[in-house]
Amino acid sequence: MAIPLPFGNYLARDTPIHRIDARIKLLLLAVYVFAIFACSTWAGLLALLLVLIVLFAVAHIPPRRALRGLKPILFILLFTFIANAFTFSTINLSETIPLLGSFGIRPSGVVKGLYFALRISMLVLVTALLTYTTSVVSLTDATTKLLSPLRALRVPVEDIAMVFTIALRFIPLTVSEAEKLVVAQSARGARFNQGGPLARIKAWIPVMIPLFVNLFRRADHLAQAMESRCYVGKGRTLLAHTHLVARDAAWAIGGSVLLVAVGLLL
Amino acid sequence: MLPGSLFLDHRQTLQQVSFCVHPGEWVVLLGANGSGKSTLARLANGLLLPNEGEVVADGISSWQHDRLLELRKRVGLVSHDADNQIVSTTVFDEVAFGPQNLGWEPERIYAAVRGALAQVGLAGDEFEKRDPNSLSGGEKQRVVIAALMAMEPGYLVLDEPTAMLDPVARSQVLRSIALAKQAGHGILQITHLLKEASFADRVLVLHNGKLVYDGAPEGILGNQAALTAYGLAARPHKKVPLAAAALDSAAAFDSAAAPRLSLNKVSFAYPDTVSCKPALENIDLTLAGGECLLLVGPSGSGKSTLLTLAAGLMQPTEGEVLLKGSPPKPGQVGLVFQQPETQLFAQTLCEDILFGPKNLGFALSEHGNTEKALIDKVLNAVGLEPGRFKHRSPFSLSGGEARRAAIATILALQTDFLLLDEPTAGLDARGRAFVYELVQDLIAAGKGIIIATHNPELFASLATSKREL
Numbered sequence: 001m002a003i004p005l006p007f008g009n010y011l012a013r014d015t016p017i018h019r020i021d022a023r024i025k026l027l028l029l030a031v032y033v034f035a036i037f038a039c040s041t042w043a044g045l046l047a048l049l050l051v052l053i054v055l056f057a058v059a060h061i062p063p064r065r066a067l068r069g070l071k072p073i074l075f076i077l078l079f080t081f082i083a084n085a086f087t088f089s090t091i092n093l094s095e096t097i098p099l100l101g102s103f104g105i106r107p108s109g110v111v112k113g114l115y116f117a118l119r120i121s122m123l124v125l126v127t128a129l130l131t132y133t134t135s136v137v138s139l140t141d142a143t144t145k146l147l148s149p150l151r152a153l154r155v156p157v158e159d160i161a162m163v164f165t166i167a168l169r170f171i172p173l174t175v176s177e178a179e180k181l182v183v184a185q186s187a188r189g190a191r192f193n194q195g196g197p198l199a200r201i202k203a204w205i206p207v208m209i210p211l212f213v214n215l216f217r218r219a220d221h222l223a224q225a226m227e228s229r230c231y232v233g234k235g236r237t238l239l240a241h242t243h244l245v246a247r248d249a250a251w252a253i254g255g256s257v258l259l260v261a262v263g264l265l266l
Numbered sequence: 001m002l003p004g005s006l007f008l009d010h011r012q013t014l015q016q017v018s019f020c021v022h023p024g025e026w027v028v029l030l031g032a033n034g035s036g037k038s039t040l041a042r043l044a045n046g047l048l049l050p051n052e053g054e055v056v057a058d059g060i061s062s063w064q065h066d067r068l069l070e071l072r073k074r075v076g077l078v079s080h081d082a083d084n085q086i087v088s089t090t091v092f093d094e095v096a097f098g099p100q101n102l103g104w105e106p107e108r109i110y111a112a113v114r115g116a117l118a119q120v121g122l123a124g125d126e127f128e129k130r131d132p133n134s135l136s137g138g139e140k141q142r143v144v145i146a147a148l149m150a151m152e153p154g155y156l157v158l159d160e161p162t163a164m165l166d167p168v169a170r171s172q173v174l175r176s177i178a179l180a181k182q183a184g185h186g187i188l189q190i191t192h193l194l195k196e197a198s199f200a201d202r203v204l205v206l207h208n209g210k211l212v213y214d215g216a217p218e219g220i221l222g223n224q225a226a227l228t229a230y231g232l233a234a235r236p237h238k239k240v241p242l243a244a245a246a247l248d249s250a251a252a253f254d255s256a257a258a259p260r261l262s263l264n265k266v267s268f269a270y271p272d273t274v275s276c277k278p279a280l281e282n283i284d285l286t287l288a289g290g291e292c293l294l295l296v297g298p299s300g301s302g303k304s305t306l307l308t309l310a311a312g313l314m315q316p317t318e319g320e321v322l323l324k325g326s327p328p329k330p331g332q333v334g335l336v337f338q339q340p341e342t343q344l345f346a347q348t349l350c351e352d353i354l355f356g357p358k359n360l361g362f363a364l365s366e367h368g369n370t371e372k373a374l375i376d377k378v379l380n381a382v383g384l385e386p387g388r389f390k391h392r393s394p395f396s397l398s399g400g401e402a403r404r405a406a407i408a409t410i411l412a413l414q415t416d417f418l419l420l421d422e423p424t425a426g427l428d429a430r431g432r433a434f435v436y437e438l439v440q441d442l443i444a445a446g447k448g449i450i451i452a453t454h455n456p457e458l459f460a461s462l463a464t465s466k467r468e469l
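Residue numbers (the numbering used here), protein chains in the order written: chain A, 1 to 266; chain B, 1 to 469.
Since the hints were made in silico from the structure, they are not lab data. The reader is advised that the hints may include incorrect statements.
[Claimed, not checked] Straight-line C-alpha distance at most 30 Å; calculated BS3-like pairs for lysine-lysine:
{"id": "1", "chain 1": "B", "residue 1": "265", "chain 2": "B", "residue 2": "329"}
{"id": "2", "chain 1": "A", "residue 1": "145", "chain 2": "B", "residue 2": "265"}
{"id": "3", "chain 1": "A", "residue 1": "202", "chain 2": "B", "residue 2": "372"}
{"id": "4", "chain 1": "A", "residue 1": "112", "chain 2": "B", "residue 2": "377"}
{"id": "5", "chain 1": "B", "residue 1": "329", "chain 2": "B", "residue 2": "358"}
{"id": "6", "chain 1": "B", "residue 1": "358", "chain 2": "B", "residue 2": "372"}
{"id": "7", "chain 1": "A", "residue 1": "202", "chain 2": "B", "residue 2": "466"}
{"id": "8", "chain 1": "A", "residue 1": "180", "chain 2": "B", "residue 2": "377"}
{"id": "9", "chain 1": "B", "residue 1": "372", "chain 2": "B", "residue 2": "195"}
{"id": "10", "chain 1": "B", "residue 1": "210", "chain 2": "B", "residue 2": "265"}
{"id": "11", "chain 1": "A", "residue 1": "202", "chain 2": "B", "residue 2": "265"}
{"id": "12", "chain 1": "A", "residue 1": "202", "chain 2": "B", "residue 2": "195"}
{"id": "13", "chain 1": "B", "residue 1": "37", "chain 2": "B", "residue 2": "265"}
{"id": "14", "chain 1": "B", "residue 1": "210", "chain 2": "A", "residue 2": "180"}
{"id": "15", "chain 1": "B", "residue 1": "37", "chain 2": "A", "residue 2": "202"}
{"id": "16", "chain 1": "A", "residue 1": "145", "chain 2": "A", "residue 2": "180"}
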């Protein structure tokens with residue numbers, strides 16, 4: 001039984017998009033999101049969509065893979081569209097094509113619904129582009145660096161980063177442990193997809209209990225391993241793995257100017 | 001280095017233990033499960049503090065609380081499960097973790113990481129970027145050793161560093177240890193494997209918390225009587241099969257209806273793997289009741305996959321698995337996984353034992369004799385006295401007891417075939433002897449057995465065939 005991981009989208013390629021420093025990518029993501037909300041016309045939105053399509057092409061992400069990210073939000077997209085396109089309202093009757101009583105369809109609403117649905121899709125797609133082209137490790141690194149000014153406000157940035165790192169390392173291990181337990185308990189006749197909801201939840205007890213017991217044991221051993229290597233949570237040297245290069249600066253400046261211009265002017 | 005004793009659980013785990021490890025010396029400490037080895041390892045590194053006595057490394061005493069970090073830096077500690085010691089998401093970060101904690105300058109850290117990885121034979125830009133989860137068991141353990149070497153310790157304490165490894169990885173780890181010794185580190189390696197003691201400059205033996213031997217390897221390794229007394233060697237009790245039992249099983253399994261487990265041209269590939277290379281290709285094998293097949297091969301050669309297929313828990317990509325003529329359903333072939341004790345979950349051993357039979361709908365009358373008889377039978381079979389153990393929580397058992405209990409839960413399925421995946425991993429001499437005797441009993445009872453093992457010598461006299469993957 002394969003348990004899906006919440007991440008693992010990263011497609012290791014060597015493209016200009018992959019090579020941009022993760023901090024710059026996070027910055028550009030923020031600017032892109034700002035541009036999407038700043039622009040109020042179809043021309044602006046379509047221009048931003050075009051930018052996104054070009055970026056996906058440069059990053060060598062197959063279209064089908066790119067669109068996969070929209071699947072979980074199909075319902076939201078549909079709801080957004082329907083909520084805008086159809087109306088029960090009796091105001092502006094001239095604009096409404098009645099279907100049944102006060103229930104009708106509004107042409108302007110259809111356009112508006114499409115606009116909002118596209119906007120949401122683009123928000124999701126641009127985030128997907130980031131995760132497709134940036135490994136989780138560089139993302140955590142980048143987040144830590146971007147958060148580091150908060151240290152002045154006594155936010156324990158290093159501790160947060162350590163928590164993230166350990167989670168990243170142990171989530172895949174825990175998932176594979178859970179998979180092993182599922183197989184092992186099946187060998188003892190356990191059935192996981194039979195019966196009502198309660199029976200199904202009960203069926204997972206023989207997996208969950210040993211999983212948690214093992215996790216606590218693991219946590220204990222890991223803490224010892226960290227302590228025995230002199231981890232005290234402070235006074236650590238921070239290593240800069242990546243240095244911003246001219247190319248990153250060019251992307252940051254060029255990208256921001258373009259996106260802001262599109263967002264504000266169109 | 002270690003005159004001390006530790007008070008724990010109202011009994012002395014260690015009593016008046018004193019010895020010294022010199023720089024450049026390889027000392028092996030032998031001791032059976034429960035002899036106090038791991039406690040000693042943590043004392044040596046300053047993770048635990050002795051109640052009496054002290055640990056001194058290069059003049060730093062464990063009583064100098066303000067210098068505890070210095071002590072931990074001087075004495076690196078490696079434990080048997082590499083997965084529980086790796087903190088970071090890349091090999092580089094892992095090796096840099098210790099030096100970072102010490103607050104070194106970045107340049108010094110980079111140099112130390114490169115140097116330490118080269119010392120265990122794992123240098124390379126590509127390797128530094130790897131995710132520890134993608135490494136083999138041997139590589140992980142060597143990364144752990146490198147991570148300690150990078151901190152420039154004087155001494156390395158290794159607590160059963162090879163317990164979970166196959167022979168190839170084991171010898172690689174031992175080579176890394178030898179290199180550390182050559183570099184002038186003092187080594188204290190803790191193990192219950194006599195084989196590994198022969199490399200040592202000096203051997204210590206710990207028995208019930210007391211140091212009972214300190215001297216040259218030759219002085220103890222040849223002394224069978226002493227080794228047996230300290231639980232470091234155990235000659236399995238070889239039973240002459242009872243004539244009646246032998247006749248009984250012979251009669252039962254000579255007939256045409258004799259159970260047979262067979263794999264016909266079985267291939268298997270894991271979905272979603274990057275390489276399209278199948279885990280198993282074109283495997284043919286047949287096993288009848290009363291036979292014992294040894295499955296050998298390095299880690300990752302597909303031994304566990306084969307057992308999982310044979311137990312009907314996964315379907316082969318090609319070919320077929322047949323039990324008495326039809327594909328086995330889960331539960332029809334008993335499969336004891338690696339470290340099966342991690343699968344115990346119930347409040348009492350009773351419940352855990354009955355979990356399988358109840359799932360499979362065996363006719364067991366509640367509170368009746370059958371249920372009790374089954375529990376008594378399987379607990380007796382694994383040498384746990386039913387009266388003492390059946391109401392215990394599985395989580396209160398010692399390592400060796402838990403392994404036996406876990407095997408009992410599979411025996412309770414009363415299958416004709418039993419597949420064992422590395423049943424002796426991590427067990428000391430007595431534990432290994434127990435597994436040997438159990439397999440002997442099962443064969444005598446007419447069961448067909450497959451054992452996947454890194455230690456085929458142990459079962460050689462029981463095996464009817466051997467297959468290399």
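For each hint, the structure was consulted:
no.: 1; hint: B:265 with B:329; verdict: 19 Å, holds
no.: 2; hint: A:145 with B:265; verdict: 55 Å, violated
no.: 3; hint: A:202 with B:372; verdict: 25 Å, holds
no.: 4; hint: A:112 with B:377; verdict: 74 Å, violated
no.: 5; hint: B:329 with B:358; verdict: 15 Å, holds
no.: 6; hint: B:358 with B:372; verdict: 13 Å, holds
no.: 7; hint: A:202 with B:466; verdict: 41 Å, violated
no.: 8; hint: A:180 with B:377; verdict: 28 Å, holds
no.: 9; hint: B:372 with B:195; verdict: 43 Å, violated
no.: 10; hint: B:210 with B:265; verdict: 55 Å, violated
no.: 11; hint: A:202 with B:265; verdict: 38 Å, violated
no.: 12; hint: A:202 with B:195; verdict: 46 Å, violated
no.: 13; hint: B:37 with B:265; verdict: 47 Å, violated
no.: 14; hint: B:210 with A:180; verdict: 39 Å, violated
no.: 15; hint: B:37 with A:202; verdict: 40 Å, violated
no.: 16; hint: A:145 with A:180; verdict: 37 Å, violated
Of the numbered hints given earlier, the model fails hints 2, 4, 7, 9, 10, 11, 12, 13, 14, 15, 16; all others are met.
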